[in-house]
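Undergrad: As a plain string of letters, each chain reads:
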Amino acid sequence: MGNIVVFFVLLSLGYVVGRAAERNHFKSIRKRERRYRNILCFSERRPPPDLTLPVNTILVSGNVVIAVDYFKVVAAGLRSLIGGQVHAFETLMERARREAILRMKEEAKRHGAKLIINVKLETASITKGQRQQARCVEVFAYGSALVSAQEK
Amino acid sequence: MKYENPSIPEGINYSNNHPLQDLFLMLLVFVGCIIISIVMLFTLTAHLAKNIPFSTELALAESLTFSASDDGERYPELQHYLQQLAEQLARTEQLPDDMSIYIHYVNDATVNAFASLGGQIYIHCGLLEKLPNENALSMVLAHEIAHIKHRDPIVAAGRGLSILLALGSMLGIGDNSMSEQLIAHVSNITALAYNRNQELEADNEAIQSLLRRYGHLSGSVALFQILQLQKEVPLEPPEFFSTHPLTESRLERLSALAQSSPGGVTPLPPNLMTSINCE
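Going line by line, the protein sequences match chains A and B. The first sequence begins at 19 in my numbering and counts up by one. The second sequence begins at 4 in my numbering and counts up by one.
Since the hints were made in silico from the structure, they are not lab data. Keep in mind the model is a prediction, meaning the values are calculated, not measured. By construction, the Cβ of each residue, glycine as well, lies at the ideal position given by its N, Cα and C atoms. Mixed in with the good hints there might be a few duds.
Said to hold, decoys possible - Straight-line distance between alpha carbons at most 16 Å, and here's what the computed EDC-like set of lysine to aspartate or glutamate pairs gives:
#1 B:Lys133 <-> B:Asp101
#2 B:Lys53 <-> B:Asp101
#3 A:Lys132 <-> A:Asp68
#4 A:Lys138 <-> A:Asp68
#5 B:Lys5 <-> A:Glu156
#6 A:Lys49 <-> A:Glu156
#7 A:Lys45 <-> A:Glu112
#8 B:Lys5 <-> A:Glu62
#9 B:Lys133 <-> B:Glu282
#10 A:Lys49 <-> B:Glu13
#11 A:Lys45 <-> B:Glu13
#12 A:Lys132 <-> B:Glu7
#13 A:Lys138 <-> A:Glu156
To be verified - With the Cβ distance kept under 8 Å, some of the chain A side facing chain B (calculated, not the full set):
#14 Phe26
#15 Cys59
#16 Pro66
#17 Val83
#18 Ile84
#19 Ala93
#20 Arg97
#21 Leu99
#22 Ile100
#23 Gln103
#24 His105
#25 Ala106
#26 Glu108
#27 Thr109
#28 Glu112
Start from the sequences, fold in the hints, and give me the full structure.
TA: Below, the structure is given as structure tokens:
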């Protein structure tokens, strides 16, 4: 009986707190994305051909780890019994990807870069739980920022 | 070639379903699966439990401690009388040879009687003092003996146990020692719940054996009148046949049968009845 009470307390706590955190995070992501819109990101390996200025390249990266709330763990656990799209983890991955790219852009901005090429994303799940459940997700974004050689 | 990062619309990488709606749907499927498996377990255990040898049931019953007390030692004559009557009825009912009946007299005022594991029948003083004649007492005992003959106690215990175990393992509570704890827990459920069908079959069996013994059903109807009165008393704890919503229809059925075959009523031994005093 006690187990069930604890379970529901954790579930509703996870839902309320997790959802509020997610909403705030998305808000902040959208705000910062607008701020860094002038920094362009591409997965192209080579710089744009019309680039004429001499540039230096700097490796820039952004890294984020986001934990799963209890509600998402339960929802995903139930989903793993039934099968289908794990809606609970979709928003989580979206947040992690966008946040990692933003952090990479922030670093590029510190170097005065306007363009990042060869952008790649790496994903890892860390903190395996008791039953080998992923409780945290890490997204690492990296790329080559092109910094004008003349300005330096 | 123009290089640009278009602004990507929101919500294209994730579904906008409300998470609670998602969870609710999944829970619905999950609970549905549990219900289906429980129904399957129910039917399966009913079939399997009937094949458990009576000797095994006896051994199980001996290992359990029942919460109901047995005051038969304080009333040896009454105990003897009840046991004799039960054994005669068991013979009338053609109880298989390997089965045995043991009556426990419980000296308290609750209006109750029930059959339990290992051929044990508990009859409470409250019910006994309300019974007007031997025919009604025989009806009670024959009904309980019929439960034992039909293996209802072991089926009910098996059902209860398998469902507790299934729920326990599905919800992930408990460990290997769980089953032992559960068996001990089931032992506390002295009054095992039988379903309508089991009750009806026990009734039919009891009616048959009463007809064989007395040739009529005259006095037995009284039992159901008592039970019906009992139902109208509020705040009674779960009592004799409380799982039994059929008292009225049983009464009608029995009254019809009793009228079709009238006969004399056998009284209860008066000296025994005056000696009992419910606590």
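Undergrad: Could you work out which of the previously given hints the structure breaks and list their numbers from low to high?
TA: Hints 1, 4, 5, 6, 14, 17 and 18 contradicted; others consistent.
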